[in-house]
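First to last, the sequence lines map onto chains S and P. If you use the working numbering, the first sequence corresponds to residues 1 to 238, in order. If you use the working numbering, the second sequence corresponds to residues 1001 to 1320, in order.
Where hints are given, some of them may not hold.
With a straight-line cut-off of 30 Å between C-alpha atoms, the simulated DSSO-like cross-links for lysine-lysine are [said to hold, decoys possible]:
hint	chain 1	residue 1	chain 2	residue 2
1	S	Lys130	S	Lys154
2	S	Lys156	S	Lys113
3	S	Lys22	P	Lys1184
4	S	Lys130	P	Lys1178
5	S	Lys197	S	Lys177
6	S	Lys156	P	Lys1194
7	S	Lys56	S	Lys4
8	S	Lys56	P	Lys1194
9	S	Lys109	P	Lys1178
10	S	Lys56	S	Lys3
11	P	Lys1184	S	Lys109
In case anyone wonders, no lab produced these hints; they're calculated from the structure.
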Amino acid sequence: MSKKLLQVQDLHVSYGAIDAIKGVDLYVNEGEVVTILGANGAGKTTTLRTISGLLKSKGGSIFFDNQDITSTSAHEIVAMGMSHSPEGRRVFATLSVEENLMMGAYTLKKYDKKTLEWIYEILPRLQERKQQLAGTLSGGEQQMLAIGRAIMSKPKLLILDEPSLGLAPVLIKVIFKAIKQISQAGVTVLLVEQNAKAALKLANRGYVLELGKITHEGSSEDLLNSEVIQEAYLGKKK
Amino acid sequence: MSNINFNKNSVMAIGVLLVMGIFPLFVDSAWLAIGTTFLVFAVVAFSQDIILGRAGVFHMGHAMFFGLGAYTTAVLNVHFGWPILATWAPAVLVPLVVALLLAGPIIHLRGDYLLVATIGFNIIFIQVLQNNIFGITGGPNGIFGIDVVRVFGVELFEQTHMYYMAFILLGITLFIMKNLDQSKFGRAMFYINKDDVAAQSMGISIRYYKLYAFALGAGIAGAAGSMFAVQYSAVSPEAFDVISSIMFFTIVLVGGSASLPGVLLGTFVMFVLPEVFREFETARYLVFGLAMILTMILRPRGIWPVKFGNIPAFLKKDVK
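Next up, chain P with everything else stripped away, as it sits in the complex (with noise of 0.2 Å):
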């Protein structure tokens, strides 16, 4: 054991894997379900954070991704009948072609050009799904009924099941965003996201990596989305609106961009305080959007910003 680097992040993202590893143990239904949105929201932050904190790209349209998973899986289990299981693929997949062929076009925008764009879409979105297209997405009232996940006969549907469902998934999508940062996709990220021209006259194409960040992204989002859609047995347009896309674009900036404890955070403080306040009713957000407003003025690299980017280890003892 002793050969193991304790150092004091790994203490502590240690410490809070265990919290929430037995965080059902302790809680009723209700907390139990909230604890689960949050490990599926902070997935879908995840993925925002690596388009809009690594790529640097200004998108507001994330809640579609996010909509589209959760659309698929229902629209294949209800409609077609699929077991949950065989949807999870192509819950990752829609989304990541569709990322691919909407964002195709417009990648080469500008941050505010491509925020606005990005809206759009969302909004085209959700108009898609209120009008009942192909009469498959059951207009505004969404779908009902959706199954729960059978693995080998055994029926997962107890509210613990669906939090360690979601636990394993945030497990996994932390690990892809551990695995990044050390790719050469996030060095890539890092130099476009610092200096996109120098970036280009070192020879890396910033259009290929922001979509990249884009299809990559988008398939978290899915898969975050079968998973909400399974939780809730339901979908329905209004979860997936421009509305949920922006919290999840303040998620990142609030909490810290490119940051990992940063972004938990974000989703801790965006999701779940306003639940443990919901007795003040509406006017916990009026506390709620004063808080936004000032940690950007005080904090604005957020709450738990990320320290430097990518020095090596040799200096960060002298550089604090």
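Pulled out of the complex, with its shape left as it was, chain S reads as follows (with noise of 0.2 Å):
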């Protein structure tokens, strides 16, 4: 039975009166690649920002690496190993490719050679383009950047806020690939996507959010196969 890294129990999240997120359970395995998949509104980002800790819950736990984060600042959370590249990219515009990497390794004294050589070779783009201004980068490529300056901090979980979002199609299968290969380099995935397709090829697991509850679990292949989850998410008539 592998460990559980990250364990969330009866999440709440609301904005003022608005109730966001009304009760998500999830685990994530050590090791595995999980997706959360859900349409537009149904709650995805705050879950992600939630457990990360730019958002604070109103009620509920979150467990990482057997410790309660639940009220932990986003700032310690990174320290603890957990790193969130947030949705829209946020790239640094006015800083170089190699100096937002750089800046990915603020909670380690001192940023690792290796580590970004072994960005520089999955994402062998921004090798290319490190002393460009990050602001002139196409979306693909920034977003490549946004991936690798978190993975600078060498996380034990990473989690990513639809890493597709208006990407040509080729981009995304070269971010998909990186994704895969940072997994295999031992890194957790949270991965929230809306490319539903993509993202379950590429999990272990799967979870379907609805309206702030999850609705569905199951590994990749139950959800691929659903019949619900076809005809929601993978464009699929009976």
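Two chains, two frames, a set of hints: combine them into the complex.
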């Protein structure tokens, strides 16, 4: 039985009077790739942001690496080994690619040269552009940079929020291949995606989030073959 | 000498410092007083810039910390007989601690909400002063008869002495600001200012650094306040009201956030120019208000905006 790296129990989050997350339970085992699927407004980003401490929960608990992090602040969670690549990339436009990457290692005393080289290996485009200003990169390249920056802190758990958002299909392939390589290197990945097919192909397990609740969960194969899922998220008609 | 790297900026900085250094030799006492106040206000403007320009905290109550420093020196000197030199440390520490206590509970507020809260603090501060709390603030009239600085039996009472003390204070402030840019704190500020969510996901504690900025800014403003009290040998509430806070806020925005020459220029434009046109009386404020509006329309990032931020030198050559 593999170890549970992340365990979320009965999570509730609200924006003012509106309940966005109404009792979410999920877990991520060490070494797994887990994806959360769902339509716009289902609460995927809210769930991730609460896990990584950017939002405060209203109820429930979050355990990471056997420690209760429900009310731990975002910067401490990063130092504990969870790295969140936020939605919309958010690279620092006036810094160079390499500076952005080095910045990812903010919580470490010194950035790790090997990690940097490894990132350049799995995302060679970043190496080609390492001295370019991040703001001048294409959307796909910025996404690569956001992922690279997130793994510079050598996390145990990498959280990715919609890495394929607004990208061309060719670039989505590159991104997903990189995520696979990161996972194979031993990093646990929690991935939120609207591109359900690509996400399920990569992931071991998946959850489906609808209006703040988990409606389906299971192994990726089960979800890919489930009729409900096929109809709602994979665009197949009966 | 040849190994010193003279670029355009450092030549200009040395030029400005030289002009300011010999300024007292050429002017009458009225202008010397204006010059001294300019230096003091420049220090306050830089401390406002730490909070507003670098940390990006919309803080519009900075005159309060300036005033706290001034009143700390005044009260300790006039009521408790402390020598001015001994009041300098408390004049920095009192605003610093008050800043931490007041900002602690509200630092998480977003821009506009925080702005209103800090104005509220400033208004309460003025009320406290005017109501002569504990009988030590002197009410609306303030406190008179503040001593001069004495060092080893020498009394520094002349306006020229005041000017050079303020000049040294500005020098220290500039030194701190320059170091700030290159420190871990300065980089963290830059990231938070550019994108707070990304900064947080990198492991930067926003709360810690914003409070740090607040405390540092308040401490420097307190030092300037102490100097201000000594220069006029009196303090009164109206010098530290919300209008003054608005002026310091505007100086940073008009001059250029996070830009050293910008903030200096902003102080000059907002404080010295109105003095130059004193003969036009209140009409000058009409022109002045218009100038503020035009600056924001034509140069929204300030008269002398900071270029790009922290870009490595080798990149600057290609990107102009």
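Hints, one by one, checked against the model:
Between Lys130 of chain S and Lys154 of chain S the alpha-carbon distance is near 20 Å, which keeps this suggested pair within the 30 Å criterion. This hinted pair checks out: Lys156 of chain S and Lys113 of chain S have alpha carbons roughly 18 Å apart, not beyond 30 Å. Proposed proximity of Lys22 of chain S and Lys1184 of chain P is contradicted: the alpha carbons are some 40 Å apart, above 30 Å. With a C-alpha separation of about 28 Å, the suggested pairing of Lys130 of chain S with Lys1178 of chain P holds against the 30 Å cut-off.
With a C-alpha separation of about 14 Å, the suggested pair Lys197 of chain S and Lys177 of chain S falls inside the 30 Å cut-off, and the hint holds. Between Lys156 of chain S and Lys1194 of chain P the CA atoms are separated by roughly 27 Å; this keeps the pair inside 30 Å, and the hint holds. For a cut-off of 30 Å, the pair hint linking Lys56 of chain S to Lys4 of chain S stands: about 22 Å separates their Cα positions. Under the criterion of a C-alpha separation no larger than 30 Å, the hint pairing Lys56 of chain S with Lys1194 of chain P is consistent with the structure, at around 23 Å.
Under the criterion of a C-alpha separation no larger than 30 Å, the hint pairing Lys109 of chain S with Lys1178 of chain P is consistent with the structure, at around 24 Å. Between the alpha carbons of Lys56 of chain S and Lys3 of chain S the distance comes to roughly 26 Å, so the proposed pair stays at or under 30 Å and holds. The hinted pair formed by Lys1184 of chain P and Lys109 of chain S meets the criterion: a straight-line CA distance of about 12 Å does not exceed 30 Å.
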